[in-house]
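Undergrad: Chains as they are written, first to last, in the numbering used here: chain S, 1 to 67; chain Z, 1 to 251; chain L, 1 to 155.
Simulated from the structure, these hints should not be mistaken for lab results. Honestly, I wouldn't trust all of these hints.
To be verified - Here are the simulated PhoX-like pairs of lysine-lysine, each with C-alpha atoms no more than 20 Å apart in a straight line: (1) S:Lys55 with Z:Lys245; (2) S:Lys55 with Z:Lys250; (3) L:Lys127 with Z:Lys192; (4) L:Lys127 with Z:Lys177; (5) Z:Lys159 with Z:Lys177; (6) Z:Lys89 with Z:Lys177; (7) Z:Lys89 with Z:Lys19; (8) Z:Lys19 with S:Lys55; (9) L:Lys127 with Z:Lys250.
Read off the chains here:
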Amino acid sequence: MSFQFDSLQDFIQMSGHGPFVWACYGITFAVLVYLVFSPLVRRRRLIRQHQAWLKQMDRVREVARQA
Amino acid sequence: MSNWQWFHRLGSPRWFYYKTEGWVPWLAAVSGILLVLGTVWGLAFAPPDYQQGNSYRIIYLHVPAAFLALIGYYVMAVAGAVGMIWRMKMAFVVMKSAAPIGAALTFLSLVTGAIWGKPTWGTWWEWDARITSMLILLFLYLGIMALQAAFQSRDAADKASALLALIGTVNIPIIYKSVDWWHTLHQPATLKLTSAPTIHSSMLYPLLTMILAFYIFYALVLILYTRAEILRREGRTQWVIDLVKEEAKKP
Amino acid sequence: MHPVRRQRLFFILFIVFFSSVAVGLMAFALRDNINLFYPPSMIVAGEVPLDRRIRAGGCVRPGSVSRDRETLETTFLLTDGIVDFRVHYTGILPDLFAEGEAAVVNGELRADGGFYATQVLAKHDEKYMPPEVAETMAAVSDGHDESCEVVQYGS
Numbered sequence: 001m002s003f004q005f006d007s008l009q010d011f012i013q014m015s016g017h018g019p020f021v022w023a024c025y026g027i028t029f030a031v032l033v034y035l036v037f038s039p040l041v042r043r044r045r046l047i048r049q050h051q052a053w054l055k056q057m058d059r060v061r062e063v064a065r066q067a
Numbered sequence: 001m002s003n004w005q006w007f008h009r010l011g012s013p014r015w016f017y018y019k020t021e022g023w024v025p026w027l028a029a030v031s032g033i034l035l036v037l038g039t040v041w042g043l044a045f046a047p048p049d050y051q052q053g054n055s056y057r058i059i060y061l062h063v064p065a066a067f068l069a070l071i072g073y074y075v076m077a078v079a080g081a082v083g084m085i086w087r088m089k090m091a092f093v094v095m096k097s098a099a100p101i102g103a104a105l106t107f108l109s110l111v112t113g114a115i116w117g118k119p120t121w122g123t124w125w126e127w128d129a130r131i132t133s134m135l136i137l138l139f140l141y142l143g144i145m146a147l148q149a150a151f152q153s154r155d156a157a158d159k160a161s162a163l164l165a166l167i168g169t170v171n172i173p174i175i176y177k178s179v180d181w182w183h184t185l186h187q188p189a190t191l192k193l194t195s196a197p198t199i200h201s202s203m204l205y206p207l208l209t210m211i212l213a214f215y216i217f218y219a220l221v222l223i224l225y226t227r228a229e230i231l232r233r234e235g236r237t238q239w240v241i242d243l244v245k246e247e248a249k250k251p
Numbered sequence: 001m002h003p004v005r006r007q008r009l010f011f012i013l014f015i016v017f018f019s020s021v022a023v024g025l026m027a028f029a030l031r032d033n034i035n036l037f038y039p040p041s042m043i044v045a046g047e048v049p050l051d052r053r054i055r056a057g058g059c060v061r062p063g064s065v066s067r068d069r070e071t072l073e074t075t076f077l078l079t080d081g082i083v084d085f086r087v088h089y090t091g092i093l094p095d096l097f098a099e100g101e102a103a104v105v106n107g108e109l110r111a112d113g114g115f116y117a118t119q120v121l122a123k124h125d126e127k128y129m130p131p132e133v134a135e136t137m138a139a140v141s142d143g144h145d146e147s148c149e150v151v152q153y154g155s
C-alpha cells in the first residue's frame with residue numbers, strides 16, 4: 001500500500017476527475033459536521049429557553065406572594 | 001418480569017439521557033478517527049479502478065451514505081411500531097430524531113451519486129428505478145419531518161408519522177432490489193449478503209472502514225438528536241428543571 | 001403479550017402487508033414503464049413506438065464502432081448476443097463508452113430500423129479492481145461488463 005499519486009498536484013487533479021471527487025468529499029463532510037452541530041446547538045438553545053421560563057415562573061410567584 | 005426491566009428503563013427519557021451522556025465523547029472519537037482513516041485510505045492509498053480511474057473514489061462516501069439511509073429508515077419505522085404498540089414515548093422521540101438524519105444521508109447518496117454519474121455514465125440524473133426510488137425515500141423522510149411539524153397535538157403527530165413510516169417500509173426492498181428487477185442505468189450491488197463482494201480487497205478494506213465509520217457516526221448523531229428532543233418534550237418535568245438549574249451554575 | 005398490544009401489533013403488520021401488496025401490484029402493472037430502456041430484442045421485433053423519444057440499451061458489439069472524421073457521427077451496433085440494431089449518434093461519447101461494454105441510448109427509432117440517438121450513456125458494472133489485477137484477469141476473461149460477458153458475439 002502506497003500513496004497512489006506522483007505529486008500533490010496530481011492528487012488534487014486526479015487525472016481530471018478531481019472536481020467531482022473533491023466536491024463529493026466537501027459536500028459530505030459539510031453535511032456530517034452539520035449533523036453533529038445542529039443537535040448540540042438545539043440543546044443549548046432549549047436549555048436557555050427553559051432557564052428563561054424558570055425565571056419567569058419565579059417572577060410570577062414573587063408577584064403572587066406580594067399581592 | 002425482570003427480563004423486561006431493560007425495556008422499561010429504555011422507555012424512561014431520563015434514564016436514556018443520563019445513560020448516553022458518557023457515550024457521546026467515545027462515539028465521537030471512534031467515528032472521527034475511522035472517518036479520517038477511511039477517507040485518507042480511500043482518497044490517497046487505495047489503487048485507482050481499471051475502468052473508472054480515480055472517479056470511483058466517490059464510492060467511499062456514496063455506498064456508506066446509501067447504506068445508512070436505508071438502515072436508518074428501518075430504525076425509524078421500528079421505533080414508530082414500538083411507540084404504537086407499547087405507547088412508549090421514548091420510541092417516538094427516537095423515530096422523530098431518525099428522520100432528519102435519514103434525510104441528510106439520503107440527500108448525500110443522491111448528490112454523490114449524481115456527481116459520480118456525470119463522469120462515468122455521462123449524465124447527472126436519469127429517471128431509473130434505483131435513483132427514483134431513492135428520491136422517494138428522501139420524500140418519505142421529509143414527509144415525516146413535515147408531519148411532526150404540522151400537528152398541534154404531539155400524540156397525533158407521533159401516530160401519523162409512525163403510520164407513514166410503516167407504510168414507507170415497502171420502499172426499502174424496492175430500492176435494494178430495483179437494480180435486479182428492472183433494466184436500470186445503475187449497476188447491481190457490489191456488496192451482497194449472499195455472495196462475495198465484486199471489489200478487489202485493496203479497495204474493499206477502506207470501504208468497510210468507511211461503512212463502520214458511518215454506522216458509529218449514525219449512532220452518535222441519533223443519540224445527540226434524541227437527547228435534544230428529550231429536553232424539548234420533558235421540559236416541564238422535575239428532572240429537566242433540576243438539570244437546567246445545574247446548567248445555569250456552569251459558566 | 002397483552003391482548004391490546006397484540007391487537008396493535010396485528011394492526012401494524014396488516015398495514016405493512018397490504019401497503020406492500022398494493023405497491024407490489026402497482027410495480028408489476030407498470031413494469032414496462034419502470035424499465036429505463038428497451039432491450040435489443042424488443043427494438044428489433046418492432047415492439048417499440050417509432051419516431052418517439054425512447055431509450056434502448058445493450059452491449060456495444062466489438063468491432064462495430066465507426067466514427068466519421070468530419071461529421072463526428074458515430075455509429076455502432078447494440079446487441080444482446082442474438083439480435084442487434086444500429087445506433088447513429090453525433091456528439092461526444094462518455095469516457096466509459098467502449099466496445100464490449102453496456103450502453104444506454106436516448107433517441108428515436110426510425111422506420112429504416114436505425115436508432116437515432118441524441119444522448120449516449122455508458123453503463124458500467126459493479127466490479128472494481130486495480131489496473132494490474134484487471135490485466136491478469138484479462139487472460140482469464142475479457143474483463144468486460146458482466147452482463148456483456150455472457151454475450152456471444154459470434155460470427
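Undergrad: So, against the hints stated earlier in the document, which numbers end up violated here?
TA: The structure conflicts with hints 5, 6, 8, 9, although it agrees with all the remaining ones.
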